[in-house]
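At position 172 of the sequence shown the residue is numbered 459 (my numbering), and the sequence of numbers has no breaks.
Treat the hints loosely; a few may be bogus.
[As the list claims (entries may be wrong)] FRET-style restraints, in silico, Cβ to Cβ:
#1 R459 <-> F630: 18 to 24 Å
#2 I380 <-> V300: 30 to 36 Å
#3 N423 <-> E510: 18 to 24 Å
#4 S622 <-> P328: 26 to 32 Å
It should be emphasised that the hints constitute simulated quantities derived from the structure, not laboratory data. In this text the structure is predicted, and so the values were computed from the model without any measurement. Every residue gets a Cβ at the ideal spot worked out from N, C-alpha and C, and that includes glycine.
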Amino acid sequence: MDGVVAAAKPKRVGVKEVASLAGVSWKTVSNVVNDRPHVRPAMREKVLAAIAELGYRPNLAGRQLRQGSSMTIVLAIPEITSPYFGKLAEHVITSAESRGYTVLIEAYGEETAREGRVLDGYQNRLIDGIIYSAQNVDPEAVKARTDPTPMVLLGERVLDSGLPHIAINNNRSARELVSHLASRGRTRLAFLGDRPGVGESAAGLRLAGFQDGLLENGLAFDERLVMGVQRYSRDEGEMAALRLLNSGLPFDAVVCGSDILSVGVLRAFRRRGIRVPQDVSIVGWDDIPEAEYGAPSLTSISPDIAALAEASLEQLLALIDGRELENVEMEIGYSLKVRESSF
Numbered sequence: 288m289d290g291v292v293a294a295a296k297p298k299r300v301g302v303k304e305v306a307s308l309a310g311v312s313w314k315t316v317s318n319v320v321n322d323r324p325h326v327r328p329a330m331r332e333k334v335l336a337a338i339a340e341l342g343y344r345p346n347l348a349g350r351q352l353r354q355g356s357s358m359t360i361v362l363a364i365p366e367i368t369s370p371y372f373g374k375l376a377e378h379v380i381t382s383a384e385s386r387g388y389t390v391l392i393e394a395y396g397e398e399t400a401r402e403g404r405v406l407d408g409y410q411n412r413l414i415d416g417i418i419y420s421a422q423n424v425d426p427e428a429v430k431a432r433t434d435p436t437p438m439v440l441l442g443e444r445v446l447d448s449g450l451p452h453i454a455i456n457n458n459r460s461a462r463e464l465v466s467h468l469a470s471r472g473r474t475r476l477a478f479l480g481d482r483p484g485v486g487e488s489a490a491g492l493r494l495a496g497f498q499d500g501l502l503e504n505g506l507a508f509d510e511r512l513v514m515g516v517q518r519y520s521r522d523e524g525e526m527a528a529l530r531l532l533n534s535g536l537p538f539d540a541v542v543c544g545s546d547i548l549s550v551g552v553l554r555a556f557r558r559r560g561i562r563v564p565q566d567v568s569i570v571g572w573d574d575i576p577e578a579e580y581g582a583p584s585l586t587s588i589s590p591d592i593a594a595l596a597e598a599s600l601e602q603l604l605a606l607i608d609g610r611e612l613e614n615v616e617m618e619i620g621y622s623l624k625v626r627e628s629s630f
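When you get a sec, could you build the whole thing from the sequences and use the hints?
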């Protein structure tokens, strides 16, 4: 159109322009940009001043390809909307950023096939490592994994996999919950989570610890008081609680595999006129915000999620750097938060 002149696209500032303004070689600019040693402070200051004046931005993608590192890791979790996994993601991101890493979140949901693809790695993307909080992991698939991307497992344990594993002591924490309930005079305890036989999963270890705790406290284990769930959610907790009530079996306490289940159990009991803790006590794991602020507040095992995130980053970065790990199996701390649901 007459009278209209297209604006010229600004030329991208490169290393040569920075070198020219600073009066140094392009190699010196490269050394400064990549934070390499042996650059004299005065020279470094000149280059940094030129970079600031010209608004130079390094081509990070090209540099990453040349160095074979993206400074990017993946956190693979079942869901980002879960209070527990949301908090875990927050801590992992914070820990990673302090080390210069970016975190990509892979929320694989309930799809077993999609979760299984986490084990295949991300060959089409330059990923330095994977922190994998497994849910329905196939132990044999883990052992047969061929992808070389460094990986750390959280929660679920796979024996003889060779992968670093970090978790709380699920068996011991379950025994503590049972002992706590026994000290409150509870004698007929139900377990709401997965059924027996799930092996080295977190739920399986908690159920085994539940049984051990009953034995230690001289209480009987009734398999009929074990309620299975498809997943850890509020609605699954409510439905399992209704099945428990409809069974007609006597019980005076419920140990839930997670606080998300406890919230659903509490709702089912409230609708049936069951008083907590007067009639039935409820305890669980994860110490989610609803546990502290619910009515009644819920007794819970509170894992040190910040320590879990920090340990997982330390282990993963050691693998990325090719360092030998001192401990392939790591336990993080936890505490028992006693609240109104089990007074």
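Inset, instruction - Would you list, in rising numerical order, the hints stated earlier that this structure does not obey? - result: 4
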